[in-house]
Every structure is written in structure tokens, then in C-alpha cells.
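**Q** Quick note, the sequences are listed as chains D, F, Y and S, same order.
For the first sequence, the numbering used here gives the first residue as 2, with consecutive numbering after it.
For the second sequence, the numbering used here gives the first residue as 2, with consecutive numbering after it.
For the third sequence, the numbering used here gives the first residue as 2, with consecutive numbering after it.
For the fourth sequence, the numbering used here gives the first residue as 2, with consecutive numbering after it.
Note that these hints are calculated values from the structure, not bench results.
Where a beta carbon is used, it is the ideal one built from N, C-alpha and C, also for glycine.
Do not rely on the hints blindly, as some may be mistaken.
To be verified - Here are some of the chain D residues that sit facing chain S, going by a computed Cβ distance under 8 Å:
(1) I312
(2) P334
(3) H336
(4) E346
(5) E374
As the list claims (entries may be wrong) - Below are the SDA-like pairs computed for lysine to any residue, each with C-alpha atoms no more than 20 Å apart in a straight line:
(6) K15(D) to E40(F)
(7) K15(F) to E280(D)
(8) K31(F) to E22(D)
(9) K378(D) to E81(S)
(10) K265(F) to E30(F)
(11) K391(D) to M17(S)
(12) K373(D) to E280(D)
(13) K31(F) to M2(S)
(14) K31(F) to K114(D)
(15) K221(F) to D388(D)
(16) K392(F) to T12(Y)
(17) K264(F) to K221(F)
(18) K5(D) to K264(F)
(19) K33(S) to V284(D)
(20) K371(D) to I20(S)
(21) K15(F) to K371(D)
(22) K5(F) to N191(D)
(23) K371(D) to V129(F)
(24) K15(F) to T29(D)
(25) K391(D) to M2(S)
(26) K31(D) to D315(F)
(27) K378(F) to M8(Y)
(28) K5(F) to V284(D)
(29) K5(D) to E40(F)
(30) K114(D) to K5(F)
(31) K31(D) to V21(F)
(32) K5(D) to T29(F)
(33) K392(F) to M8(Y)
(34) K378(D) to M17(S)
(35) K373(F) to T12(Y)
(36) K33(S) to D388(D)
(37) K54(Y) to D366(F)
Stated by the list, open to error - Across the chosen pairs, the derived CB separations fall in these ranges:
(38) D50(F) to H115(D): 29 to 35 Å
(39) E19(D) to M8(Y): 44 to 50 Å
(40) S90(D) to D377(F): 35 to 41 Å
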Amino acid sequence: MENKIYLDNAATTKTRPEVVEAMLPYFTEKFGNPSSIYEFASQNRKAVDEAREIIAKSLGADISEIYFTAGGTESDNWALKETFDAYASKGNHIITSKIEHHAILHTCEYLEKHGCEVTYVDVDENGVIKLDQLKKAIRPTTILISVMFANNEIGTIQPIKEIGEIAKQHNILFHTDAVQAYGQLPIDVNELGIDMLSASAHKLHGPKGIGFLYIRKGAKLHSLIHGGAQERQRRAGTENVPGIVGFGKAVEIAMATMEDRKKKEIYLRDKLMKRVLAEIPYVRVNGDRSRRLPNNVNFSFQFIEGESLLIMLDMNNICASSGSACTSGSLDPSHVLLAIGLPHEIAHGSLRLTLSEENTEEEIDYTVDKIKEIVDKLRQMSPLYEDFIKKRS
Amino acid sequence: MENKIYLDNAATTKTRPEVVEAMLPYFTEKFGNPSSIYEFASQNRKAVDEAREIIAKSLGADISEIYFTAGGTESDNWALKETFDAYASKGNHIITSKIEHHAILHTCEYLEKHGCEVTYVDVDENGVIKLDQLKKAIRPTTILISVMFANNEIGTIQPIKEIGEIAKQHNILFHTDAVQAYGQLPIDVNELGIDMLSASAHKLHGPKGIGFLYIRKGAKLHSLIHGGAQERQRRAGTENVPGIVGFGKAVEIAMATMEDRKKKEIYLRDKLMKRVLAEIPYVRVNGDRSRRLPNNVNFSFQFIEGESLLIMLDMNNICASSGSACTSGSLDPSHVLLAIGLPHEIAHGSLRLTLSEENTEEEIDYTVDKIKEIVDKLRQMSPLYEDFIKKRS
Amino acid sequence: MYTEKVMDHFTHPRNMGEIENASGVGTVGNAKCGDIMRMYLDIDDNGVIRDCKFKTFGCGAAVATSSMATELVKGKSVQEALSVTNKAVMEALDGLPPVKVHCSLLAEEAIHAALWDYAEKHNIKIEGLSKPKNDISEEEEKPEY
Amino acid sequence: MYTEKVMDHFTHPRNMGEIENASGVGTVGNAKCGDIMRMYLDIDDNGVIRDCKFKTFGCGAAVATSSMATELVKGKSVQEALSVTNKAVMEALDGLPPVKVHCSLLAEEAIHAALWDYAEKHNIKIEGLSKPKNDISEEEEKPEY
Ligand SMILES: Cc1ncc(COP(=O)(O)O)c(C=O)c1O
Ligand SMILES: Cc1ncc(COP(=O)(O)O)c(C=O)c1O
């Protein structure tokens, strides 16, 4: 293939040309500060409000419940830190899962240093949170349950509605990191009992550096970022107008195309899984087979290491990702793969492919062919495979 | 005038077309996540590094000392909150000035609720910080001095070098909010003894939603935003690549054109001041006449209120700003104007005009003519003016 | 931010000016807060407001509410004028931004203050009118250049 | 991320494979950490390394350092091979990213482990060589499907 095959849409996505188009006027023409009172700036205020409305509608939320941030990470930090601060008189206990994104887990670590107690609930071998364990973890001092909507590595979708119900029964706030799910799955915050929700535009073909936190009316969190009176005094800083407009446009398109995209992606995803499982031995699929993001595939290939696989795929113009330690700069492989019970060396051999509607069947076929070739090549190189074969014969 | 005359460049600036041009490829073509290991993403890592290098060079800093954030507000929050956190064992006292931006002042208020002690040093009638008061405020527990480089309302430039020396003598960290100064004035962090510096791209014809915090090597601050390992583990969140690239480009141009812009802006600014002072009675210039940002003019017109003035200027296609309470949604007029000793009703009658190199002499003349007309009209309407005239006669 | 009506009354204020030897003059508000309204009433012997003028130091909403208030009380009896509320002023202007509602209250108070002045000067008591609280004379700070 | 030399040795590894009845075999690293290297040495009676082959489970740097290490020891005497350091391997590859330096250490250790095996098998003592610490046999976890 001459052209790059991009299969890393969980890392980031291409900004849609329509989104860039929508943003452009707000750089050089309608560049005013939305807080200014002159007419020239009021069009920007309006543009921000329109984007907010599109987003609120997409969640069944009210416009006054959407707060723009600089991305999913800030939203996650905000939800956790300011719940901890605002509800200190009620308690200091937060419940989350073992497979959250680092934006949640590292924030929890930070909070633990500041007097917060955190329970990290286990997941089963498919990455689904253990609800009985979650229920048992609830204490009188529990102020927040934060469980991601869908996992960024293995694509498993969590039982959000059930968690929402548990939270409501115990009068505990429920936050969900929906950075991977938002735009891929329909979400209604009222139906699902979600009190706070984080999202990031660049995961759904919007621009980087813009996200939002949905905060249900009544939740008392204060600002994480202090300063001017923007975002109804809850998030200071001159509004990123082009970013917000682009986010609105991306959401508008994502909602309108959701069903078609889903169908197409599931078709390609399933084909990819089936072919790999049929044609390559010693491989497993990570994550739940059915409760799964439409665009996510995650394999573990035994006897080989993920970074080598990625580099060789890259040389064949295929962009993918791995839970291998080598790709993250840390020594341990992905905490998610370990949490679903994979031994280290199998976690090291993982490969994540995340699709978009732009991928073609031809690309998928080519990718499978290449994976086959490369896995074989790397296994020929692998002392683990050598031992395995020798033992077997 | 048919075209809008934009005189609110302290609020935000037009993104330069060259900057947008530089950003564009990073939306739809080179959209990869800089943390990914494939070749396609490494070009983005490189682009981010190049922007960082341009910025580091502009300050005489090392590239490892520049951390990208979502804007000036986040940078200010980071510097204050994480210094407070990291240096808790040394002390809990911060010194700042009464005329800081709300990004500093509201962060200080937040910190005060969490055990921080803050001294707000006075400024003189020109808005220059009282250095003797600052020196006297220093305690053994002082961990930070934060004084803005130049004020956003009245344009006064602070004696940064002197403050840097005082801080160094007492082994206290020195942060400066340079959001207004950066790109307008030459800044060398080593010469000036600055340990931390906040900046925001949209104030220098870069995009909104991107800023940086310079942190001198050795300053121990941790992250404000926790999550992934971006920005050398100090600022989590997928990098806003187009924003960073745009910021780099804006800085490159700002540094190259600084001298010429300055000359032009000072010429127009001084003409504007002279004409208004000569042609309109009962007016004063706020801020220091010489230690002043090249593009800033700030007047107080007696007997009239700023918002009315702004709306009428707006109807004449002139975009400006005021320290009037009415424009901010609060009841009090600008804390900066009060800090330099203006009585409330005079603070209410303030008008800020902030120029860019794009303004023409014709625009300035037209603006003065309109200000004259409008001030006169509003005074005719003013009961304060009526009383004043009656008393005089 | 403002409705068309507000903008219209701000840019073309009705009844702006003074009335010499007015039957009643009232000034309310406070330069400290950025709003001062002065109402002049010309009231005939039957207690009908023949003319009404205003001067206002304040924001667009302050000017517009003053202007609208003069319109609403002109031709009315003193008692009728007394029942012109801030709500009526706001409605007549098609609404005000929430942060500007106090301007309409000020306009109501300005009318009351002018009526009080009229009552005092003419030594009459107007049913339901009490001494206005927000008088400019209470102001502490004075302009100083 | 990697130099051209690293990429070249990763994509076209030299001396990849096994040696039957090798004079010495050494395996170091640990699947847990994601790197395992195995070195095969064929050493002639004069103590010269006639051939050297490797197998590696690991990242690009791990493969490249293994490959380069085999090149560096081939044709050398046992004593010379012993002094092939991780630095020499890195230099020959035009450098490694900081997080990958441990791969070059592993390559050095793999050679030492193979030499140790050779020494044990032939009941000789090699000056300056001590028992390698990182052996695969120390690994706890086993693949389980
Ligand atoms: C002096 C100063 N500090 C901080 C800020 C905040 O910057 P931003 O709105 O880009 O976050 C501004 C501008 O609004 C400013 O003028
Ligand atoms: C589940 C999840 N949460 C949070 C984030 C953080 O989002 P961002 O990098 O846009 O701040 C990501 C993506 O990196 C994610 O996948």
C-alpha cells in the first residue's frame, strides 16, 4: 500500500475537513474575545453557545451543564479533584476501577497524597467491572464513583446504567470518563444516571486541545482553573473559540453519522478479528467480544513483543498501537492488560487496532496479511517461540 | 468608517494568517498523536519540539524549561498552586500585587482557603509596585513572589529585574504573569531573575487555547493536570499540536517584528493620548506614562460611565474596553483602577484602547473624533456633569 | 446583549434633559456603583405629570430604563406614576440581562424620589410613598483630579 | 526515535538464528520486562568465536543490539569478546534513546552468559567473567492460554 493505513483512532483522529472549515473564520475574521461587549465579539459568544447546545443535546443535558475545558484529561482532573474538595464534609472516599485511563488513575494517586481514600475495583477477564465488588466498596464516606464508559485499550463498554443506579441508590455522585465512548455510542445522561461526564474533541474527529465536562445541575463542584468569569464562573480562561466551534461541528457530524459508522466499523472490525484468529496461531482477543466499542480490536500475540510488531507495521505504512511497556516509556506493560489477568509477556505482545469510517476493506485485508507475515518473522526470531516449539515436539 | 476598528488587542488578537497557515496541516494531514511511535506521528513530535525551541530561545531559556498549557490562566494557576504544594515544608506565604489579573488573584483566594497566606502589595498612583513594601512583606515562610510583567488594563510595566533580585537575595521563587508583555517586550529570564513565567498565545496573534509556563530547572513544582506522560510528565493531556505549532509561529513573527511594531504602536499611542488630552476636558491617563506597554492607552473620562461609552463606540465600529463594573458583571469597577487610587465614579468612566500594528493613523484620528463626540453626548446626559457645571458657574 | 428596544432607548433617549423649576426632582443611585439617575417632574395642579425629563450617569441599561420610565409616567397621575414598577419598565423594553435588573429598580426609585420631592415641596402626603433610600447625597467619595 | 543503524539491524538482523550443538548458549532477560536475548556461540579450539547467532524477544532496540553484538564478537577471541561492552554496541549503532540503554546492557550480558556456558561446558575459567545474573530460568510467570 502506498498510502498510510491509520488504525490508531483511539490515540487521536483526523480532524474532519468540515470541522476545520467551521473553525477557520474564528481565527482571522471573527477573532474577538467572547467576553467583550461589542457586537463584533457577540457573534463569538453566539458561536460558543451554539456549540454548547449541540453538545448538550447530544447527551440529553441542559446547556448550563456543559463546561468547556482543554481536553479529556483536564475534565477528569476537574471532576475528581473538585468533587473531593467540594464534598469534604461528606467524606473522602472515591471508588474507581483498575482499568481507568491515567488521567483518572494519576489524579487518584495525587488525591491519595492529600487525604483521599480510593478503592480500585477489579474487572473480570473481559474487562467488565465487578459490580458486586463495587457495591461492597461503598462506605458512608463515599462521595464519588468514577468508572469509564468504554476502555481505550481493549474497548470494553462498562455497565454504566447499573453503576448509575447504584450511585443514585446511595446518593453518591457518578462520573464517567467517556472520552472513548462519546461520539461512538449514544449516551443519555439522565437515562444512565450520569452526574459528570468527560469528553475530548480530538477523539471524534474534532480538534486537539478542547474537551468538556458535563456537570449535572446541583453538583456543587467549584473551579479547577481560577481566574476570569468564563463558563459561568466555573472554568476561567479566554474561551478557545475555534476549538469550541470545531468541537460542536464534530459532535454534530458524529451524532448524525453514528449509526452508519457503527455498522461499517463493526463489519470491518469483525472481519479483522475473524481473519486474524483463523490465520494466526497463538493469539487471543482482549476485551469483551460483544460489549465492545465498534472500532476497537485488541490482540495478544504469544511469543512476540509489541513494539517490534508496531515498528514493522509502521514500515508497511500501518499505524497501530500496543500495550507494550516499550511504547510507553515505563517498564511495565499496560495496567489494563494486567488487570484482565494477562501474564506480563503476553501483555507485552499486544496490538491495538482502532478503526474509523475511512478505513476500507482492502486496508483491513492488507493489514491482516502484513500482521501475519510480521508475527511469523518475529516468532522466528523469538527464543520463547523456539522453546515452545522444542517442548512441543 | 465602514470597517471595524479593533482597539482591544489586550483582550485578544487576530490570529495571523501565517499562523493559521502553519497550523492547518496539523489538523487533517499530520494529525497523529505525538506520543505514538510510528513515523507518521514523529513529525508532530518534531513540530512540537520546534515550537518549543522558538519559545525557549525567545526567553533565553532551555527547551526543557518550557511546558505547554491551555493558556495564561492555567499557567498562572499551575505556578501558584503547585509552588504552594511543592514548597509546603518551607512555608505557606506568597507575595503578589494588588493589580494582578484575576487568574492570579482568584487563585490566591482559593489558596487562602487552603491554608496559604497571601500579601497583596500596593502600587503607586501609576500602577508601579511599591518595592519597599514588597521587601518588608518577606517572611521566613515566603515561598513565592508573583508579580505581573505588565498590567493588562493600564499597561504599566513592573520593575521585574529589581523584583528578581530581591527574590534571589531571599532565596524565594519569582513568578511573573507575562501574558501581556510577552511578544511586546524583550524578556530574558536569566537577566531578569525570573523562575516562572506565564504566557498565552492569543495575546500575540497566536491561537486561543494555548499557553505555556516557563519553569526554571530546579524549581520543584509537580503537575497541575495529572494523567499521561506528556510534557516530560509535568502536564498531561494529548498535545494540542496545531495550537503549539501556531504559538511557535506567532512567537517567531513577534520576535522578528518586535522593534518595528513597537515604534509604530508607540507613535499611534502617543498621538492618541495627546489628541484626547488636548481636545477633551476632564480626562486623565491611567498608568505610567513611560513605563508602559507600547500598545496601551487607558483614559478616565469624568462624569460618564464606561459601558455607555463602549456601546456608542461600538455603534461607530470601534472595539474597545473599559474597567467599568458594568462590563464585567460585577458591581465594583476594576480593582486595578481602584488600586491606583481612582475614586469609584472615575474608575467607572475608564476606557482602554489597545493597539496592534494593523491600526492606521486614520483609524486613530477617527477614533479620537468619535470619542470626543460621544463623551460630549454622554456628559450632556450626566447628572454629575450637570452638578459640576452648576457648581462652577 | 441588549434588546432592540433597549438599544433604541439608549441611543435615542426620550425626554433627556432638565426641567427648570420642576415640581419635583429626585436623584438616586450612587456613583460608586456606577449608576446615578435624576428625574425631573412637571406636575400640574390636578396632579397630572405634564412633563418628565431625566439625566443619567450609567450603563446602556441605566439610560434606557430612565428613558422608558419617563415615557411611562408622562401624562399619568401621581398615583398612577407611583405604580409604575421596575417590572413594567423592563417589560416595555422587552427585557434586560439579569445583571442589569438593578437598573430598572433604580428607575422606579428615581420616580419615587422625584415624587417625594414634589410631595415635600407641596407639603402633601402621597399614599404609599416612603422616603427614597438611595440618594446621591449619601455618596461619600467626590471626584478629585 | 531510532537511528538508521538501529533500524537497519532491526529490519535486517545479522546472524539471527540458532547454532546446533553450540559451544555455548546464554539466555538473559525476562519476559516480564519484555526483553529476552539468547546468544549462541561457536568457538573453535583456539578460543576464537567462529560463529555467533541470536534470538530475541523484545523491542526494536533489543533486536538491533543483539544483532550488532553478534557482529562485534564474531571472529574475536573469547577474551576480546568479553570486553565488548554495551557502550561499544551502542556506539556501533550510532546511539540509543535513553529509555533503551538497558537493551544494550542485555546484549552485553547475553554474550557473557553464552561465554559462561561455554566455560562451564569446557570446564575452563575465563578471566574476568562471573556468573550472569539475568537468566531466563529465573522467570516466574509462564505463558498460559
Ligand atoms: C495579565 C493577564 N494574565 C492572564 C490572562 C489570562 O490569559 P488567558 O485568558 O489566555 O487564559 C490574561 C488575559 O486574559 C491577562 O491579561
Ligand atoms: C479514556 C480516556 N480518558 C482520557 C483521555 C485523555 O484525553 P486527552 O488526551 O484529550 O486529554 C484519553 C485519551 O488520551 C482516553 O482515552
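**Q** For every hint, state whether the structure bears it out.
**A** Results for each hint:
1. I312: 5 Å, holds
2. P334: Hint on P334(D): holds, closest Cβ of chain S at ~7 Å, below 8 Å.
3. H336: 14 Å, violated
4. E346: This interface hint holds because 3 Å falls under the 8 Å limit.
5. E374: 13 Å, violated
6. K15(D) to E40(F): Given pair K15(D), E40(F) holds - Cα atoms ~16 Å apart, limit 20 Å.
7. K15(F) to E280(D): Measuring from Cα to Cα gives roughly 56 Å; hence the hint is violated.
8. K31(F) to E22(D): 17 Å, holds
9. K378(D) to E81(S): 32 Å, violated
10. K265(F) to E30(F): At roughly 38 Å apart (the allowed maximum being 20 Å), E30(F) and K265(F) break the hint.
11. K391(D) to M17(S): Judged against 20 Å, a Cα distance of about 18 Å means the pair holds.
12. K373(D) to E280(D): Within the cut-off at roughly 8 Å; holds.
13. K31(F) to M2(S): Holds. K31(F) to M2(S) sits at ~17 Å (cutoff 20 Å).
14. K31(F) to K114(D): At roughly 39 Å apart (the allowed maximum being 20 Å), K114(D) and K31(F) break the hint.
15. K221(F) to D388(D): 48 Å, violated
16. K392(F) to T12(Y): Given that 20 Å is the threshold and the Cα spacing comes to 28 Å, the pair is violated.
17. K264(F) to K221(F): 40 Å, violated
18. K5(D) to K264(F): 49 Å, violated
19. K33(S) to V284(D): 18 Å, holds
20. K371(D) to I20(S): Since the Cα atoms of K371(D) and I20(S) sit roughly 29 Å apart, the hinted pair is violated (cutoff 20 Å).
21. K15(F) to K371(D): The given pair, whose Cα atoms are some 48 Å apart, is violated under the 20 Å limit.
22. K5(F) to N191(D): 45 Å, violated
23. K371(D) to V129(F): 67 Å, violated
24. K15(F) to T29(D): Within the cut-off at roughly 5 Å; holds.
25. K391(D) to M2(S): Status violated; Cα separation ~35 Å.
26. K31(D) to D315(F): Answer holds: K31(D) to D315(F) is near 15 Å, not above 20 Å.
27. K378(F) to M8(Y): 16 Å, holds
28. K5(F) to V284(D): Distance ~64 Å between K5(F) and V284(D) Cα, so the pair is violated.
29. K5(D) to E40(F): Holds. K5(D) to E40(F) sits at ~10 Å (cutoff 20 Å).
30. K114(D) to K5(F): 53 Å, violated
31. K31(D) to V21(F): OK: K31(D) and V21(F) at ~14 Å, within 20 Å.
32. K5(D) to T29(F): With Cα atoms ~13 Å apart, K5(D) and T29(F) stay inside 20 Å; holds.
33. K392(F) to M8(Y): 32 Å, violated
34. K378(D) to M17(S): Cα-Cα ~11 Å, so holds.
35. K373(F) to T12(Y): It holds: about 16 Å lies between the C-alpha atoms, which stays within 20 Å.
36. K33(S) to D388(D): Roughly 16 Å separates the two Cα atoms, so the pair holds.
37. K54(Y) to D366(F): 35 Å, violated
38. D50(F) to H115(D): 29 to 35 Å: Holds: the Cβ-Cβ distance is about 34 Å, inside 29 to 35 Å.
39. E19(D) to M8(Y): 44 to 50 Å: 35 Å, violated
40. S90(D) to D377(F): 35 to 41 Å: 57 Å, violated
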